[in-house]
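Colleague: Take a look at the letters that make up each chain.
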Amino acid sequence: SQELEQSPQSLIVQEGKNLTINCTSSKTLYGLYWYKQKYGEGLIFLMMLQKGGEEKSHEKITAKLDEKKQQSSLHITASQPSHAGIYLCGADIGDGGSNYKLTFGKGTLLTVNP
Amino acid sequence: DTEVTQTPKHLVMGMTNKKSLKCEQHMGHRAMYWYKQKAKKPPELMFVYSYEKLSINESVPSRFSPECPNSSLLNLHLHALQPEDSALYLCASTLTGTGATEAFFGQGTRLTVV
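In order, the protein sequences belong to chains A and B. 1 is the number of the first residue of the first sequence in this note's numbering; add one for each residue after it. 115 is the number of the first residue of the second sequence in this note's numbering; add one for each residue after it.
Quick caveat, the hints were computed from the structure, so don't treat them as lab data. Take the hints with a grain of salt, since some may be wrong.
Below 27 Å or equal to it, Euclidean Cα-Cα: the simulated DSS-like pairs (lysine-lysine) are [to be verified]:
1) A:Lys101 to A:Lys64
2) B:Lys155 to A:Lys101
3) A:Lys38 to B:Lys167
4) A:Lys36 to B:Lys132
5) B:Lys167 to A:Lys101
6) A:Lys27 to B:Lys133
7) A:Lys68 to B:Lys133
8) B:Lys150 to A:Lys38
9) A:Lys27 to A:Lys17
10) A:Lys38 to A:Lys56
11) B:Lys155 to B:Lys133
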């Protein structure tokens, strides 16, 4: 079955530093999503990438999908304590028919120290 | 309205109790999902409803019984749960169940089985 590998598992950075989180799939991704989650809360949608080579930005967060559509990276510039949380990459996995289910990597726990 | 509302936020139940989790959205989305999330783990898909019909059941034990009374509501009926079923239960919705579309998540119900 297709799995999403996220790295690193956890990350501690000093406020103001840049950081990158990676998400890798063994198969071509139909749709790649990035979500953020605060502990014990729901998931907040960040970005969706579909096309090979696509790049999207929102405020200080940039996500890219490689040309082969098997790897994505999430880059945060000048990190702030508000960026702290769990970052999850997700992908649409088809059931062989017309149904797709959103499944997630194991997540990256980001801590930003003031 | 871009919200998915889950009730209750917290639930403590005994192993012989019967309870229900509720999820509601008014975005016109036709696919709704239940996820289970244990501490420090990513959300795991349980059920998918597409156009009010159960389209995906991830081999969930029968003590969890989903119900979709209409396109805006999704319930999860709980009966004879075990302590290991304690987790955060997340509801999500998408425009359709065919992927490549943003999923909106509720804030979750924190379930404790005693």
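Colleague: Indicate, hint by hint, whether the structure satisfies it.
Modeller: Verification of the supplied hints:
1. Distance restraint check for A:Lys101 and A:Lys64: the Cα-Cα separation of roughly 22 Å lies within the 27 Å cut-off, and the hinted pair is therefore satisfied.
2. Note on B:Lys155 and A:Lys101: the hinted pairing holds, with a Cα-Cα distance of about 18 Å set against a maximum of 27 Å.
3. Of the pairs offered as hints, the one joining A:Lys38 and B:Lys167 is violated, with about 31 Å between alpha carbons and a cut-off of 27 Å exceeded.
4. A distance of roughly 32 Å separates the Cα atoms of A:Lys36 and B:Lys132; the hinted pair therefore is violated under the 27 Å criterion.
5. The suggested pairing of B:Lys167 with A:Lys101 holds, with an alpha-carbon distance near 15 Å, which does not exceed 27 Å.
6. With a C-alpha separation of about 40 Å, the suggested pair A:Lys27 and B:Lys133 falls outside the 27 Å cut-off, and the hint is violated.
7. The hinted pair formed by A:Lys68 and B:Lys133 fails the criterion: a straight-line CA distance of about 46 Å is larger than 27 Å.
8. A distance of roughly 16 Å separates the Cα atoms of B:Lys150 and A:Lys38; the hinted pair therefore holds under the 27 Å criterion.
9. Note on A:Lys27 and A:Lys17: the hinted pairing is violated, with a Cα-Cα distance of about 32 Å set against a maximum of 27 Å.
10. Using a Cα cut-off of 27 Å, the hinted pair A:Lys38 and A:Lys56 holds, with the two alpha carbons roughly 22 Å apart.
11. The straight-line distance between the Cα atoms of B:Lys155 and B:Lys133 is roughly 24 Å, inside the 27 Å bound, and the hint therefore holds.
Violated hints, in rising order: 3, 4, 6, 7 and 9; the structure is consistent with all others.
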